[in-house]
Amino acid sequence: MRLLIVILLFGLTTACVTSSQSLYAELGGEDKVDEVVENFITEIEFDPMMYDYFKDSDIGRFREKFTEHFCMLTGGPCEYTGDTMEQVHTGMEISEANFNHAVDLLISAMNKANIPHRLQNRVLATMAPLRGSIIYI
Amino acid sequence: MQRYKRLPIYCLLPMVLVSAPVFSADGKLIGTAGLTQIEGAGGGGLVPWATLSGYDSEDQISASSAVTVVDVDDYRLNAFGMSASFYDRAEISLSHQRFDLKSLGGTIRQNIVGMKYRLYGDVVYSELPQISIGLQHKQLSDTAVAEALGADDDQGTDIYLAATKVHLGAIGGYNAVWNLTARATKANEMGLLGFGGTQNSDYELQLEASAGILFSRNLAVGVEYRQKPDNLGLGEDDWVDAFVSYIPSKSVSITAATANLGAIAGAPGQSGFYLSLNAQLW
Ligand code: HEM
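Protein chains in written order, with the working numbering: chain F, 1 to 137; chain S, 1 to 282.
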């Protein structure tokens with residue numbers, strides 16, 4: 001029990017030493033984000049469920065817009081020039097399970113880019129609030 | 001009569017671990033389905049949570065089972081539970097508990113039927129916590145001990161309201177989870193010692209809480225607390241546990257905990273371990 005408390009306190013303490021850098025910079029900036037996006041696209045290409053959604057898409061545009069969007073969400077120096085989440089995903093009939101599966105692929109893409117667990121969680125935290133404007137619309 | 005002062009107990013622990021990410025092939029984030037608590041509901045170890053027992057999302061159904069052992073100084077509890085959850089909305093559960101009185105000899109068995117309905121939210125994605133309402137109907141098969149101790153009844157129904165929330169990356173980048181449950185109950189030691197008693201025959205509101213941190217996608221650590229009434233006047237104590245859960249995949253998890261269950265049926269200072277194996281069948 002005491003050990004538990006120590007561990008919990010340790011967790012809280014590390015929370016306080018998080019630097020004031022942007023998450024984008026902590027991830028490793030442009031090169032790292034490009035690597036994650038590239039990995040993510042590869043994951044989508046090899047995943048039957050996701051590929052189905054993307055089979056008629058312009059992957060060049062997706063790469064560019066998703067990268068900008070990722071950069072913006074993580075506090076990087078970018079302007080997002082794509083469409084809103086509602087505009088993009090309306091009519092695709094994306095389910096909760098599809099969404100969770102996409103997150104799973106993104107985690108896999110981050111794992112392959114050696115993004116630490118704690119930074120991965122913070123990236124996901126920036127995306128979680130978007131779920132309502134992506135699924136069942 | 002005097003010997004019956006000590007009785008049962010057990011229970012303890014863990015909770016679900018909500019981990020973060022890993023939403024895998026279907027359904028929800030790994031860990032958000034998590035464990036089956038000691039009375040069969042989706043939850044932590046001792047406490048029912050607002051989360052449902054399976055990884056089903058809005059289009060899916062899932063079924064889970066769990067085997068749990070709680071071993072303390074004078075008692076041992078074995079619990080076997082099965083549950084099904086539907087469309088991330090409702091859960092039904094069946095649990096069989098077998099409580100062995102190690103020092104006194106004897107066994108008390110109890111069956112529990114549970115239902116839970118999610119009223120609001122998503123444990124990970126909504127801004128406010130996920131909220132569910134549930135009930136647990138308990139029926140003792142072996143009533144002699146409860147009767148000897150002065151319990152009013154050999155069956156009873158608990159009603160609870162639970163709120164659970166996962167915060168992604170909240171504590172130094174680790175995912176954190178908390179749960180608060182308010183339960184109206186007459187049960188003595190979870191029902192193993194009957195319902196109501198000489199000191200009180202009415203429903204009482206009890207608070208239960210859990211908090212945990214996910215140190216990786218597969219490892220959660222946390223604590224739980226469960227308040228209990230003292231209807232029999234035996235100094236029934238609140239329960240506390242600290243747990244570690246290992247969740248190698250969405251289909252299996254194993255949880256170990258140390259549990260401090262206080263006085264049970266008059267036998268003071270009951271502490272020991274809790275071990276639970278959960279499997280999602282589909
Ligand atoms: C947090 C989750 C998600 C985020 C942040 C996100 C973000 C984006 C962005 C920024 C674009 C490019 C927009 C543009 O071209 O203007 C896009 C396009 C797209 N997204 Fe998502 N998305 C998410 C989840 C999903 C899911 C779950 C699916 C399907 C299962 C999906 C399917 C698509 C498709 C098919 C396109 C290409 C649309 C086209 O061809 O024009 N997205 N998404």
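Some hints here could point you the wrong way.
Claimed, not checked - Residues of chain F clear of chain S, computed beta-carbon distances all greater than 12 angstroms:
1. Glu26
2. Gly29
3. Ile41
4. Asp56
5. Asp58
6. Glu64
7. Glu68
8. Met72
9. Thr81
10. Gln87
11. Glu96
12. Phe99
13. His117
14. Arg122
15. Leu130
16. Gly132
To be verified - To give a feel for the contact side, a few chain F residues facing chain S, derived at Cβ under 10 angstroms:
17. Phe46
18. Met85
19. Val88
20. His89
21. Gly91
22. Asn100
23. Lys112
24. Asn114
25. Arg118
26. Leu119
27. Asn121
28. Leu124
29. Ala125
These aren't lab readings, by the way, just hints derived from the structure by calculation.
Heads up, the beta-carbon is just placed ideally off N, CA and C, and yes, glycines get one too.
Minimum Cβ distance from Leu130/F to chain S greater than 12 angstroms, as the annotation requires: 9 angstroms, violated
Closest C-beta approach of His89/F to chain S relative to 10 angstroms, hint status: 15 angstroms, violated
Restraint check, 10 angstroms cut-off on beta carbons, for Asn100/F near chain S: 3 angstroms, holds
Separation of Asp58/F from chain S, once the least beta-carbon distance is taken, above 12 angstroms: 27 angstroms, holds
Residue hint Met85/F, partner chain S, criterion CB-CB below 10 angstroms: With a minimum Cβ separation of about 14 angstroms from chain S (threshold 10 angstroms), the hint on Met85/F is violated.
Asn114/F as an interface hint toward chain S, with CB separation required under 10 angstroms: Nearest chain S Cβ about 15 angstroms off; hint violated.
Status of the Lys112/F interface restraint (C-beta, 10 angstroms, chain S): Because about 14 angstroms separates Lys112/F from the closest Cβ in chain S, which is outside the 10 angstroms limit, the hint is violated.
Phe99/F and chain S, when compared Cβ to Cβ, separated by more than 12 angstroms: 8 angstroms, violated
Interface-negative label, Gln87/F against chain S, beta-carbon threshold 12 angstroms: 21 angstroms, holds
Per-residue hint verdict: Leu124/F, partner chain S, C-beta under 10 angstroms: Holds, because the Cβ-Cβ distance from Leu124/F to chain S comes to roughly 5 angstroms (cut-off 10 angstroms).
Hint validity - Phe46/F Cβ closer than 10 angstroms to any chain S Cβ: 14 angstroms, violated
Verdict on Glu96/F as a residue remote from chain S, using beta-carbon distances over 12 angstroms: Glu96/F not clear of chain S: closest Cβ-Cβ about 4 angstroms, inside 12 angstroms.
Checked against the numbered hints given earlier, the structure breaks hints 1, 11, 12, 13, 14, 15, 16, 17, 18, 19, 20, 21, 23 and 24 and satisfies all the rest.
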